[in-house]
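In case you want the letters, here they are:
Protein chains: 4
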Amino acid sequence: HLPISVIAGPCQLESREHALEVASALKEISERLGFGVIFKTSFDKANRTSAKAARGIGLKDALPIFAEIRESLGLAVLTDVHESQQCAPVAEAVDVLQIPAFLCRQTDLLLAAAATGRAINVKKGQFLAPWDMKNVLDKIVLGGNPNVLLCDRGTSFGYNTLVSDFRGLPIMASTGAPVIFDATHSVQQPGGLGGSSGGQREFVPVLARAAVAVGVAGLFIETHPDPDNAPSDGPNMVPLASFEGLMRDLMAIDQVAKAITARDAVK
Amino acid sequence: HLPISVIAGPCQLESREHALEVASALKEISERLGFGVIFKTSFDKANRTSAKAARGIGLKDALPIFAEIRESLGLAVLTDVHESQQCAPVAEAVDVLQIPAFLCRQTDLLLAAAATGRAINVKKGQFLAPWDMKNVLDKIVLGGNPNVLLCDRGTSFGYNTLVSDFRGLPIMASTGAPVIFDATHSVQQPGGLGGSSGGQREFVPVLARAAVAVGVAGLFIETHPDPDNAPSDGPNMVPLASFEGLMRDLMAIDQVAKAITARDAVK
Amino acid sequence: HLPISVIAGPCQLESREHALEVASALKEISERLGFGVIFKTSFDKANRTSAKAARGIGLKDALPIFAEIRESLGLAVLTDVHESQQCAPVAEAVDVLQIPAFLCRQTDLLLAAAATGRAINVKKGQFLAPWDMKNVLDKIVLGGNPNVLLCDRGTSFGYNTLVSDFRGLPIMASTGAPVIFDATHSVQQPGGLGGSSGGQREFVPVLARAAVAVGVAGLFIETHPDPDNAPSDGPNMVPLASFEGLMRDLMAIDQVAKAITARDAVK
Amino acid sequence: HLPISVIAGPCQLESREHALEVASALKEISERLGFGVIFKTSFDKANRTSAKAARGIGLKDALPIFAEIRESLGLAVLTDVHESQQCAPVAEAVDVLQIPAFLCRQTDLLLAAAATGRAINVKKGQFLAPWDMKNVLDKIVLGGNPNVLLCDRGTSFGYNTLVSDFRGLPIMASTGAPVIFDATHSVQQPGGLGGSSGGQREFVPVLARAAVAVGVAGLFIETHPDPDNAPSDGPNMVPLASFEGLMRDLMAIDQVAKAITARDAVK
Numbered sequence: 444h445l446p447i448s449v450i451a452g453p454c455q456l457e458s459r460e461h462a463l464e465v466a467s468a469l470k471e472i473s474e475r476l477g478f479g480v481i482f483k484t485s486f487d488k489a490n491r492t493s494a495k496a497a498r499g500i501g502l503k504d505a506l507p508i509f510a511e512i513r514e515s516l517g518l519a520v521l522t523d524v525h526e527s528q529q530c531a532p533v534a535e536a537v538d539v540l541q542i543p544a545f546l547c548r549q550t551d552l553l554l555a556a557a558a559t560g561r562a563i564n565v566k567k568g569q570f571l572a573p574w575d576m577k578n579v580l581d582k583i584v585l586g587g588n589p590n591v592l593l594c595d596r597g598t599s600f601g602y603n604t605l606v607s608d609f610r611g612l613p614i615m616a617s618t619g620a621p622v623i624f625d626a627t628h629s630v631q632q633p634g635g636l637g638g639s640s641g642g643q644r645e646f647v648p649v650l651a652r653a654a655v656a657v658g659v660a661g662l663f664i665e666t667h668p669d670p671d672n673a674p675s676d677g678p679n680m681v682p683l684a685s686f687e688g689l690m691r692d693l694m695a696i697d698q699v700a701k702a703i704t705a706r707d708a709v710k
Numbered sequence: 444h445l446p447i448s449v450i451a452g453p454c455q456l457e458s459r460e461h462a463l464e465v466a467s468a469l470k471e472i473s474e475r476l477g478f479g480v481i482f483k484t485s486f487d488k489a490n491r492t493s494a495k496a497a498r499g500i501g502l503k504d505a506l507p508i509f510a511e512i513r514e515s516l517g518l519a520v521l522t523d524v525h526e527s528q529q530c531a532p533v534a535e536a537v538d539v540l541q542i543p544a545f546l547c548r549q550t551d552l553l554l555a556a557a558a559t560g561r562a563i564n565v566k567k568g569q570f571l572a573p574w575d576m577k578n579v580l581d582k583i584v585l586g587g588n589p590n591v592l593l594c595d596r597g598t599s600f601g602y603n604t605l606v607s608d609f610r611g612l613p614i615m616a617s618t619g620a621p622v623i624f625d626a627t628h629s630v631q632q633p634g635g636l637g638g639s640s641g642g643q644r645e646f647v648p649v650l651a652r653a654a655v656a657v658g659v660a661g662l663f664i665e666t667h668p669d670p671d672n673a674p675s676d677g678p679n680m681v682p683l684a685s686f687e688g689l690m691r692d693l694m695a696i697d698q699v700a701k702a703i704t705a706r707d708a709v710k
Numbered sequence: 444h445l446p447i448s449v450i451a452g453p454c455q456l457e458s459r460e461h462a463l464e465v466a467s468a469l470k471e472i473s474e475r476l477g478f479g480v481i482f483k484t485s486f487d488k489a490n491r492t493s494a495k496a497a498r499g500i501g502l503k504d505a506l507p508i509f510a511e512i513r514e515s516l517g518l519a520v521l522t523d524v525h526e527s528q529q530c531a532p533v534a535e536a537v538d539v540l541q542i543p544a545f546l547c548r549q550t551d552l553l554l555a556a557a558a559t560g561r562a563i564n565v566k567k568g569q570f571l572a573p574w575d576m577k578n579v580l581d582k583i584v585l586g587g588n589p590n591v592l593l594c595d596r597g598t599s600f601g602y603n604t605l606v607s608d609f610r611g612l613p614i615m616a617s618t619g620a621p622v623i624f625d626a627t628h629s630v631q632q633p634g635g636l637g638g639s640s641g642g643q644r645e646f647v648p649v650l651a652r653a654a655v656a657v658g659v660a661g662l663f664i665e666t667h668p669d670p671d672n673a674p675s676d677g678p679n680m681v682p683l684a685s686f687e688g689l690m691r692d693l694m695a696i697d698q699v700a701k702a703i704t705a706r707d708a709v710k
Numbered sequence: 444h445l446p447i448s449v450i451a452g453p454c455q456l457e458s459r460e461h462a463l464e465v466a467s468a469l470k471e472i473s474e475r476l477g478f479g480v481i482f483k484t485s486f487d488k489a490n491r492t493s494a495k496a497a498r499g500i501g502l503k504d505a506l507p508i509f510a511e512i513r514e515s516l517g518l519a520v521l522t523d524v525h526e527s528q529q530c531a532p533v534a535e536a537v538d539v540l541q542i543p544a545f546l547c548r549q550t551d552l553l554l555a556a557a558a559t560g561r562a563i564n565v566k567k568g569q570f571l572a573p574w575d576m577k578n579v580l581d582k583i584v585l586g587g588n589p590n591v592l593l594c595d596r597g598t599s600f601g602y603n604t605l606v607s608d609f610r611g612l613p614i615m616a617s618t619g620a621p622v623i624f625d626a627t628h629s630v631q632q633p634g635g636l637g638g639s640s641g642g643q644r645e646f647v648p649v650l651a652r653a654a655v656a657v658g659v660a661g662l663f664i665e666t667h668p669d670p671d672n673a674p675s676d677g678p679n680m681v682p683l684a685s686f687e688g689l690m691r692d693l694m695a696i697d698q699v700a701k702a703i704t705a706r707d708a709v710k
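Chains as they are written, first to last, in our numbering: chain A, 444 to 710; chain B, 444 to 710; chain C, 444 to 710; chain D, 444 to 710.
The set of hints was computed from the structure by calculation and includes no laboratory data.
Since we're looking at a predicted model, the values are computed, not measured.
Check the hints yourself; a few may be wrong.
[To be verified] Residues on chain A that point at chain C, a partial pick, calculated with CB under 8 Å:
1. 507
2. 574
3. 602
4. 604
By construction, the Cβ of each residue, glycine as well, lies at the ideal position given by its N, Cα and C atoms.
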């Protein structure tokens, strides 16, 4: 049984030094514990709640940093794209293109991402049922790229709240695509602070444990040396100092979950 | 009291002839009944459920048709945009740019639309609370354009279903922006047919009546001479033959609703 | 077209004097405006959020007061029952038995209420779809009593929040039973104040207008001379001083709604 | 670490022989695997979707069977009560009284159950937030009985669907009461078959794994030798033949979950 892989990193690419610091720490932890890691960070927060919130350093400055992390640390790198024309240049510098949840049905963006040949991690829209992701997957595969990850980051539940429906994990896995559980954005409270999103960091381990026990190919967990002062998603990022302990626990559950006979289909 | 205005037309721009036929019919009805009409049709269905579904005739072929409708019929025209670079060319040919619900938080798209100086109709994302639209409005106003309509098209409610929360209309109106109720997409069942969205056309008059009684600046109602054979949103479009009767009813309710003292704030 | 009837009164039967004061005022208003009124008040709040909240004066003390209101004012009286054995004695003193939303599937309670021969107003459970009320109705009809009103009081929508789905009104009306819209409890925020329920009184006229425009047989509106000091449901009761103005507005909409051709079934 | 306990048995008490057969099988399995078992079955299905559905053998015939199971097999027995006056007689024959979800706010029922001194398992109403259960617990404790289990059986999510929010388990546990996860009713589709409820048996192991990984005191799993022919909840009961394998898997996850350091409160 392959252990879980983890897509991890700070929500926003704040600076070269900051990114390298977190990436190095994640590399060390992943080697110590024996899980695969893909470094994630965003060059642009393109859909902030408020126009006044910080958006990030931008595509042009980010690409050399992505390249440096790949070369100097040997880590795979993932970042998210927002309009079609970003896909080709970004694909030069990273291993995985991510499609944001709000954009998961934008056909042109999916096809432009598919055309790069890179792996694609698509977030499930908060407004979609898990079975709707089959259509999203099909768009990318029809675009010539079968290398797709499907990622759950919660579903709309009333106002300013998300809920994680763990029935969705096997439903999405039935497409054949590896399934990732995003424990960071699943505890987001969208718009919950009025001018920005809130979050419930204390539930990251709760939902991550649940996902691993159900069975996933990987997790998505944002982490930051000082989340309370991060420019975005601070309320739901895990402190870097807690990351190793969290992963140790999750790997223990993952090992058992993958060892026991798959009994998920009681007839 | 100004009577309601109506944004109406076929979901998809199928051909020059088809668009002119519907636009002419709407012009006649609106003149007979005395309501304002903005002709709406889409040049590209950019987020179809399935990649195999028809997307439309495309931006390049649509622009001259939009121009012709404006000139020959004297109707205002509205269409939706999907990526930033579409805003400027589309704004040359239409009066109102529409931001789709999934894209209502994409800052670059909102700013590009704002920069055109055209009126902007923003659909409320199905994943947003009505009070969250204040932040969306602020993005466009900060972009220098105060000419914004806020449009409700339903809120996620379980899987493949939307619900219309009529408390949202006065909440959005409290921003000062005119509020539009989209009676067509509020009865959509997103992804409800597996490979495409379903709809419940029979509830268009129900929800439209409710919205008008609560009080709105306008309605958004897609209509088609033969909805059951339309390439998209057929299940929730109103037959063109029913449009005049529907509007006559709604105008009667609108007249009463606007005449009675606003008692919405019982203390 | 029969105008709407209204089930109205204070949430809780606080005292004989209090009940008579409100009932007299409602009688006067209803005669002035020409709508039917059924006086509603509860002898026991049997499912308060907290055990420490006031429950009411109890069945034994309430029955003579109900009888007095019927005789002295000539008003029909409605009250709610909570366990089977209450139905027979309560039916001696009132015209309509009401089944609370939480209890709308308790077969024994429905059958005991049916057996009294009184009219029965059943609230739709917050956890039920509108079409599920057909089964509830059938239970009572099978119990020998076809005299049933179906009443919508909102549907669970995330935590501590309800939403009113106005598609539900014609769906419930398709059973043949008269449909009532409860504008008071639809704006309740269940458990929203921690130890008690909150409410949004300002949305009572909003949702009542919508319901009347869609078309209902009647409304349910709780009212109180001093809601902010009422022992229960204060946040969502309408002040008695606002009741007449509210009803005047609603009757104006009702008149139009019932006059226009029923076009709710556009095919 | 104490292993999980399980509340298990057939939904409905069909006959003395049937109950003894299932109870004996559960006793054997629990002794083989080393988990505690409480035998659950209902003498009355008091809130069936339809009045025509089978309700069960009734209180009078059930009590001697409960007593026999306790004496002959030495198993603790749990059953559910629906009106106050049932609590005292039922408490003579069983170890745990269960309060159904729809009735979890009925003060009289909670107090009557509390007065028996028996342990009480309260299902969280589908219409309640997890934090609302503190008020329910307080009602019983104020009634003099601190021996309460809080049980999650899903939350309303759109129509005819439930969702399990696993954040609710630690929230309910923060009251100090042991928390049970009901994996059977969490996969119910209330009213989903029109005249009866549907269910998704295949997700019982999925949600049970998640709950155990998050950490619970116990599980609630209905099981039946032939669920497809059971008089109620057939679609969501686990076949008795699958029960041992399911429990073996869940105990393996439980052992790891309870061994790892509680990291649920990452700050």
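Checklist entry - Given residue 507 of chain A as an interface hint, is the shortest Cβ-Cβ distance to chain C below 8 Å? => result Hint violated; residue 507 of chain A Cβ to chain C Cβ min 44 Å, cut 8 Å.
Checklist entry - Was the hint right that residue 602 of chain A lines chain C, CB cutoff 8 Å? => result Given a least distance of 6 Å, the restraint on residue 602 of chain A holds.
Item to check | Interface restraint verdict for residue 574 of chain A against chain C (beta-carbon cut-off 8 Å) | outcome: violated (20 Å)
Checklist entry - Does residue 604 of chain A meet its interface restraint, that is, does its C-beta lie within less than 8 Å of any C-beta in chain C? => result At about 5 Å, which falls below the 8 Å cut-off, the nearest Cβ of chain C leaves the hint on residue 604 of chain A intact, so it holds.
The structure fails hints 1, 2 (numbered hints given earlier, in ascending order).
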